[in-house]
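Given the coordinates of chain C, assemble chain W onto it according to the supplied hints.
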Amino acid sequence: MSEPILSVENLTVQFRTDSGWLTAIDDVAFSVGERECLGIVGESGSGKSVSALSILRLHNRANTRIPNGAIRYGGADVLKLPARELRRIRGGEIAMIFQDPMSSLNPVLTIADQIVETLRLHQSVSPSAARRRAIELLDLVRIPDAARRVDEYPHRLSGGMRQRVMIAMAIACQPKLLIADEPTTALDVTIQAQILELLRDLQAELGRSVILITHALGVIAEFAQRVVVMYAGQVIETAPVDALFGRPMHYCGRRAIMITQIIPS
Amino acid sequence: MTDTALAPPVTEQLAPRRRFPVLRKLVRHRSFCIGAAIVLVLVAAALLGPLLRGMDPSAMQVRFRYRPPSALYPFGADGFGRDILTRVLYGARLSLFIGLSVALLSGLFGTIIGIVAGHFRVLDSLLMRCMDALMAFPAILLAIGISAALGPQTGSVIVALAVAYVPRTARIVRASALVIREMEYIEAAHVGGAGHLRVILKHLLPNCVGPLVVQLTFVFAYAILAEAALSFLGVGPPPPAASLGNIIAEGRDYSVEAWWIMLFPGIAISLAALGMNLLGDGLRDALDTRLKMEA
Numbered sequence: 001m002s003e004p005i006l007s008v009e010n011l012t013v014q015f016r017t018d019s020g021w022l023t024a025i026d027d028v029a030f031s032v033g034e035r036e037c038l039g040i041v042g043e044s045g046s047g048k049s050v051s052a053l054s055i056l057r058l059h060n061r062a063n064t065r066i067p068n069g070a071i072r073y074g075g076a077d078v079l080k081l082p083a084r085e086l087r088r089i090r091g092g093e094i095a096m097i098f099q100d101p102m103s104s105l106n107p108v109l110t111i112a113d114q115i116v117e118t119l120r121l122h123q124s125v126s127p128s129a130a131r132r133r134a135i136e137l138l139d140l141v142r143i144p145d146a147a148r149r150v151d152e153y154p155h156r157l158s159g160g161m162r163q164r165v166m167i168a169m170a171i172a173c174q175p176k177l178l179i180a181d182e183p184t185t186a187l188d189v190t191i192q193a194q195i196l197e198l199l200r201d202l203q204a205e206l207g208r209s210v211i212l213i214t215h216a217l218g219v220i221a222e223f224a225q226r227v228v229v230m231y232a233g234q235v236i237e238t239a240p241v242d243a244l245f246g247r248p249m250h251y252c253g254r255r256a257i258m259i260t261q262i263i264p265s
Numbered sequence: 266m267t268d269t270a271l272a273p274p275v276t277e278q279l280a281p282r283r284r285f286p287v288l289r290k291l292v293r294h295r296s297f298c299i300g301a302a303i304v305l306v307l308v309a310a311a312l313l314g315p316l317l318r319g320m321d322p323s324a325m326q327v328r329f330r331y332r333p334p335s336a337l338y339p340f341g342a343d344g345f346g347r348d349i350l351t352r353v354l355y356g357a358r359l360s361l362f363i364g365l366s367v368a369l370l371s372g373l374f375g376t377i378i379g380i381v382a383g384h385f386r387v388l389d390s391l392l393m394r395c396m397d398a399l400m401a402f403p404a405i406l407l408a409i410g411i412s413a414a415l416g417p418q419t420g421s422v423i424v425a426l427a428v429a430y431v432p433r434t435a436r437i438v439r440a441s442a443l444v445i446r447e448m449e450y451i452e453a454a455h456v457g458g459a460g461h462l463r464v465i466l467k468h469l470l471p472n473c474v475g476p477l478v479v480q481l482t483f484v485f486a487y488a489i490l491a492e493a494a495l496s497f498l499g500v501g502p503p504p505p506a507a508s509l510g511n512i513i514a515e516g517r518d519y520s521v522e523a524w525w526i527m528l529f530p531g532i533a534i535s536l537a538a539l540g541m542n543l544l545g546d547g548l549r550d551a552l553d554t555r556l557k558m559e560a
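Just so you know, the sequences run in chain order C and W. Quick note on numbering: our numbering labels position 157 of the first sequence as 157, and the sequence is numbered without any gaps. Quick note on numbering: our numbering labels position 56 of the second sequence as 321, and the sequence is numbered without any gaps.
Excised from the complex, chain C in its bound form (with noise of 0.2 Å):
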C-alpha cells in the first residue's frame, strides 16, 4: 500500500451520559491509502459511525471528549486544527454521504442552491458558472434531465435520486476523500446496486479514495480492497477483502459471514 492520505490513529472517543462517559469507540486505528476504498463493517452501535463522524469532527463538541487519539490528514492531526482550516477541509477536501437520503437534503432549497452553495463555498466560481457546474455534476450522478431537474425542490425527487443528488454534492468540489456512510440502507435493492455501482465508477473515474461503511457484507465484498472489522468499539480485524472472506479469524466476522450465507440477502 502507498502513503496513507489518511489515518486514524489510536482513537477514543467517550460521551456524556447521565451515568459519567460512556467509551463509545476505544483505541480504533486504520487507514486509508490514496485511491484506495477501505471497508468498515460491523453491526449497529460498534463504532462504526462514530469513527466515521470524528474524522470531520462533527460530534457534538459540549458532550464529546478524545482523550487521545490523532487523525493524520495531509500532515496535520485534524483533531487539533483550528475553526478555519476544519472548514476548507469540510467538504474541499474530505466530503461525506449520508445514511438518508430524506433527511439530508434542505427542503426549502432547491438542488441548485444547495450544490451552488457547496461550490462556492470552496471555490470562487461565479454563480452562472457554478450553476453550470451543478447540472454536470447531475449529469455525472446520472440524474436524467439534469437541466430541469436541478431547479426541482428536494421533496420532488425520489430516495434514489436524491441520494444521487447527495453523492452530487459530495464530490463537488472533488475531495480527495469520500467517507460513505452507509449510503444505501434506506434504499431498496434495486436502487442499492445502482447507488454502489455509481460510487464505484465515480471512484475509477476520479480516482479518489474511499470509506465505505455498512453492515452488509455482500456490499464490502464487492466495493472494498480493504476491510476493518469493529465490534464493540474496536477494531477487531484489518484485512484484505479476499482474506476476510477466505479465513476470518474473529468469532464475529466468522460469525458475521455464516448468517449471510445462511440469509441470502
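Since the hints were derived computationally from the structure, they do not count as laboratory data. The reader is advised that the hints may include incorrect statements.
[Claimed, not checked] One-sided excerpt, in silico: chain C residues whose CB lies under 7 Å from chain W:
hint: 1; residue: 19
hint: 2; residue: 87
hint: 3; residue: 90
hint: 4; residue: 91
hint: 5; residue: 92
Ideal Cβ positions, reconstructed from N, Cα and C, are used throughout, including at glycine.
Chain W only, in chain C's frame:
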C-alpha cells in the same frame, strides 16, 4: 449489474409543478379567508377611513355632547362632543400600528434569541432561564411596569409589549431549531464546510419560519388587546390621542347612559383580535400540512 447502473434509471414522470401550494391551501381555508377579510377591512378602514370621514378626532362640539348614534354621528359622540366614529378609526390605526410593531420587534428579538439558544447549546440554558424569568411575570404586569418607567407614550407601549412577548417567540423558535438542527441536512451543511452563520441563516432559519409566522399573528392579536388594556389602565398613549383603549376608558363612567362610547371601540378591538386569530389558525393549518408533506 453494470448495465443497471450505466443505463439511466427509468425517467420519473414529474407531476406538473404547482406554484404556491401554500397559497392555494389558504384560499380554500374558510377561517383564513374570513380572518383575512376582517383584517383587510380593518386595515383599509384605519388607513383610508379618517380621510373619508374628514373630521378631527380631537375637535370638540360641546352642543353634541353624549349625542346618541345618528345620521351625522353614526357611532354617536362622547362627553366632549367628539365624533366616536372618527376616534375609532384613528384608534384602530394606532392599535394596528402598535400590534404590527410589537409583532415585528418581538419576532426579531425572539428569533435571534431562539436561534442562538437552539444552535449553540452552550448558551441554551443561560438564555432560556432569562426568558423563563421574564415569562414568570404576567405579561400585562411587566408591560405596565416598563411603560410606567418609560413614561406614557406610544413608543414605550410598543417596547413594553415587545419585551413581554419576546420569551414566547424565543421558545417557539428554539423548539423548531432543536428539531431542525438534528436533521441530516444541517450536518451535511457542516460537512460541506459551511460556518455557523451560514448554517443558521440559510438552513436553520428558513425551516423555522412556519411556526414563527403563526406565532406572530397571535402576538399581533394579543398586542392589540394588551394595548387596549394598558390604555384602559392609563399607561397607554396619553389621553388626547385616540386609541381604542382610551376611548373605552373615557366612556366607562357613562356606560349605562352613553353605551355607544364603549360599544363601538369594543367591537373594533374584538374584530381585530378575532381577525388576526382566524388568520393565524389558517396559516397554521396551511404551513403544518406542508411540513408533513415534505417530511
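Structure-based check of all given hints:
no.	hint	result
1	19	20 Å, violated
2	87	5 Å, holds
3	90	4 Å, holds
4	91	4 Å, holds
5	92	6 Å, holds
Hint compliance for this structure: hint 1 alone is broken.
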